[in-house]
Amino acid sequence: MRMLINVAETVVADALRGMAAAHPELTVDVENRVIVRRDAPVAGKVGLISGGGSGHEPLHGGFVGPGMLSAACPGEVFTSPVPDQMLRAAAAVDSGAGVLFVVKNYTGDVLNFDMAAELAEDEGIQVAKVLVNDDVAVLDSLFTAGRRGTGATLFVEKIAGAAADEGMPLARVEAIARQVNESSRSFGVALSSVTTPAKGSPTFDLPSGELELGIGIHGEPGRERRAMMTAREIADFSVQAVLEDLEPRNPVLVLVNGMGATPLLELYGYHAEVRRVLDERGVTVARTLVGNYVTSLDMAGASVTLCQVDEELLRLWDAPVSTPGLRWGM
Amino acid sequence: MLDSEFFRRWMSATAVSVDREAASLTALDSPIGDADHGSNMQRGFLAVVTTLDKEPPAAPGAVLVLAGRQLISTVGGASGPLYGTLLRRTGKALGDADEVSEADLAAALRTGVDAVATLGGAAPGDKTMLDALLPAVDALGDGGSFAAARAAADAGAEATTPMLARKGRASYLGERSIGHQDPGATSSALLIAALADAAGSGASGE
Numbered sequence: 004m005r006m007l008i009n010v011a012e013t014v015v016a017d018a019l020r021g022m023a024a025a026h027p028e029l030t031v032d033v034e035n036r037v038i039v040r041r042d043a044p045v046a047g048k049v050g051l052i053s054g055g056g057s058g059h060e061p062l063h064g065g066f067v068g069p070g071m072l073s074a075a076c077p078g079e080v081f082t083s084p085v086p087d088q089m090l091r092a093a094a095a096v097d098s099g100a101g102v103l104f105v106v107k108n109y110t111g112d113v114l115n116f117d118m119a120a121e122l123a124e125d126e127g128i129q130v131a132k133v134l135v136n137d138d139v140a141v142l143d144s145l146f147t148a149g150r151r152g153t154g155a156t157l158f159v160e161k162i163a164g165a166a167a168d169e170g171m172p173l174a175r176v177e178a179i180a181r182q183v184n185e186s187s188r189s190f191g192v193a194l195s196s197v198t199t200p201a202k203g204s205p206t207f208d209l210p211s212g213e214l215e216l217g218i219g220i221h222g223e224p225g226r227e228r229r230a231m232m233t234a235r236e237i238a239d240f241s242v243q244a245v246l247e248d249l250e251p252r253n254p255v256l257v258l259v260n261g262m263g264a265t266p267l268l269e270l271y272g273y274h275a276e277v278r279r280v281l282d283e284r285g286v287t288v289a290r291t292l293v294g295n296y297v298t299s300l301d302m303a304g305a306s307v308t309l310c311q312v313d314e315e316l317l318r319l320w321d322a323p324v325s326t327p328g329l330r331w332g333m
Numbered sequence: 036m037l038d039s040e041f042f043r044r045w046m047s048a049t050a051v052s053v054d055r056e057a058a059s060l061t062a063l064d065s066p067i068g069d070a071d072h073g074s075n076m077q078r079g080f081l082a083v084v085t086t087l088d089k090e091p092p093a094a095p096g097a098v099l100v101l102a103g104r105q106l107i108s109t110v111g112g113a114s115g116p117l118y119g120t121l122l123r124r125t126g127k128a129l130g131d132a133d134e135v136s137e138a139d140l141a142a143a144l145r146t147g148v149d150a151v152a153t154l155g156g157a158a159p160g161d162k163t164m165l166d167a168l169l170p171a172v173d174a175l176g177d178g179g180s181f182a183a184a185r186a187a188a189d190a191g192a193e194a195t196t197p198m199l200a201r202k203g204r205a206s207y208l209g210e211r212s213i214g215h216q217d218p219g220a221t222s223s224a225l226l227i228a229a230l231a232d233a234a235g236s237g238a239s240g241e
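Chains as they are written, first to last, in the working numbering: chain A, 4 to 333; chain B, 36 to 241.
Hints in this document: simulated from the structure, not taken from any laboratory.
Cβ coordinates follow ideal geometry from the N, Cα and C atoms, glycine included.
Warning: the hint list may mix true and false statements.
Claimed, not checked - Chain B stretches covered by chain A per the calculated footprint, using a threshold of three residues with CB under 8 Å from any CB of chain A:
| # | segment |
| --- | --- |
| 1 | 37-49 |
| 2 | 130-138 |
Said to hold, decoys possible - The list that follows gives simulated cross-link-like pairs (lysine to any residue, SDA-like), each with its CA atoms no further than 20 Å apart:
| # | chain 1 | residue 1 | chain 2 | residue 2 |
| --- | --- | --- | --- | --- |
| 3 | B | 127 | A | 122 |
| 4 | B | 127 | B | 154 |
| 5 | A | 132 | B | 127 |
| 6 | B | 127 | A | 121 |
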């Protein structure tokens with residue numbers, strides 16, 4: 004194992020200390036593991052809170068700031084945060100307008116956010132929740148924990164964040180977040196296993212010369228394993244899988260997301276193939292994002308997420324945002 | 036009769052075995068989960084014993100409620116809420132009596148296990164912690180001993196190996212989850228084994 008860490012036990016705390024030093028515009032509570040917008044609570048504004056296991060950076064802490072999340076709760080590596088963290092975050096950002104929890108559909112995240120919502124409501128904070136479940140790689144979702152939340156989380160956080168910043172009420176922000184999730188689909192592939200600091204060796208065995216189609220953001224598989232394919236073939240397969248489930252009549256936002264260990268040179272090359280398939284299929288692209296946004300530690304691979312947008316969603320997507328991981332227009 | 040000292044012994048014994056088995060729990064969690072079950076449980080039960088040492092509750096029920104709260108606050112993932120709920124609901128069902136009978140504990144534990152089933156939405160055979168816990172409460176409830184519960188939990192955990200996972204992260208593996216023992220059922224068997232250890236009736240294999 005070669006990792007730029009001290010010991011596995013302090014990986015998350017060390018990262019948060021480094022983040023705090025790099026981003027004085029955020030309030031980083033290292034001990035309690037909550038990252039909050041410096042100006043929170045903003046009067047009259049709905050608080051947008053997300054969180055999940057660490058190891059997916061910049062998701063979620065890197066998306067805290069004006070125009071996006073009000074607060075984020077990082078858990079241990081690949082382990083959901085605990086309800087105490089969400090409760091602290093809710094108390095820190097609630098201005099009386101309520102908070103929206105953005106929850107990725109993983110059993111641990113769902114259970115902990117559910118418990119946090121109960122506790123927050125006990126304290127008089129109005130809570131709404133939106134579940135992100137965009138991953139079409141999960142077949143038979145009736146017989147599994149259901150579709151996972153992956154790349155669409157970024158779209159939900161950005162667009163709902165803009166809605167909250169405009170002062171929309173909780174029910175409206177929640178409805179918009181739900182609309183973004185329902186309009187989004189993702190499909191990911193892994194070219195190598197992930198190595199968690201706690202284990203120190205690859206989580207699963209993926210022989211060189213093979214790839215896993217339909218990977219989740221923790222290295223958990225979805226569909227099948229095959230002999231290595233070209234970027235062109237992977238794009239054909241992935242976009243086809245997404246479009247089988249989403250027939251966009253409107254323009255789409257495109258996210259070509261790296262899993263952590265795939266360089267931008269490859270991601271841009273992959274995006275060229277994704278764009279080719281979309282052009283062939285007559286899908287209009289409104290905006291594009293290429294880079295490492297919803298990662299899986301050191302896993303090689305990439306996911307494609309499409310989100311069908313109407314005029315309002317596109318306007319909210321284009322609204323200014325200023326976070327460590329996403330910044331434009333301000 | 037079982038007093039609060041017995042319940043603290045149970046929690047300590049669980050912490051010791053979870054600590055000892057952390058690496059193997061994590062190894063079980065690698066092929067079908069995300070390789071952190073051991074370290075998460077270790078962190079949680081360390082917090083449990085630290086808190087129980089600092090502020091030891093007087094009643095058996097309160098010991099378990101406090102332990103459950105600590106797990107919810109420190110473990111994360113699905114294990115935190117599920118194990119936390121198991122102990123909290125078992126503790127609540129015990130009420131505030133200073134001492135409880137083995138039958139009281141058997142009934143309370145069933146309440147706790149039922150709460151886990153409700154929270155996680157799992158059924159027997161889904162390859163989850165329930166596959167160790169349900170046989171254990173059945174064994175305990177039929178006038179059985181803690182040793183019988185321990186044997187039932189161990190057998191239940193082992194029986195998860197050929198099962199197809201339908202809950203949690205392992206469910207995404209589909210057919211490929213077959214052939215791996217479930218880490219949650221395995222740690223549940225440790226919890227029940229520790230109960231037998233606390234009662235001094237489960238020395239076999241130690």
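Against the structure, the hints:
no.: 1; hint: 37-49; result: violated (count 0)
no.: 2; hint: 130-138; result: violated (count 0)
no.: 3; hint: 127/B <-> 122/A; result: holds (18 Å)
no.: 4; hint: 127/B <-> 154/B; result: holds (16 Å)
no.: 5; hint: 132/A <-> 127/B; result: violated (28 Å)
no.: 6; hint: 127/B <-> 121/A; result: holds (18 Å)
The structure fails to meet hints 1, 2 and 5 from the earlier list, while all remaining hints are met.
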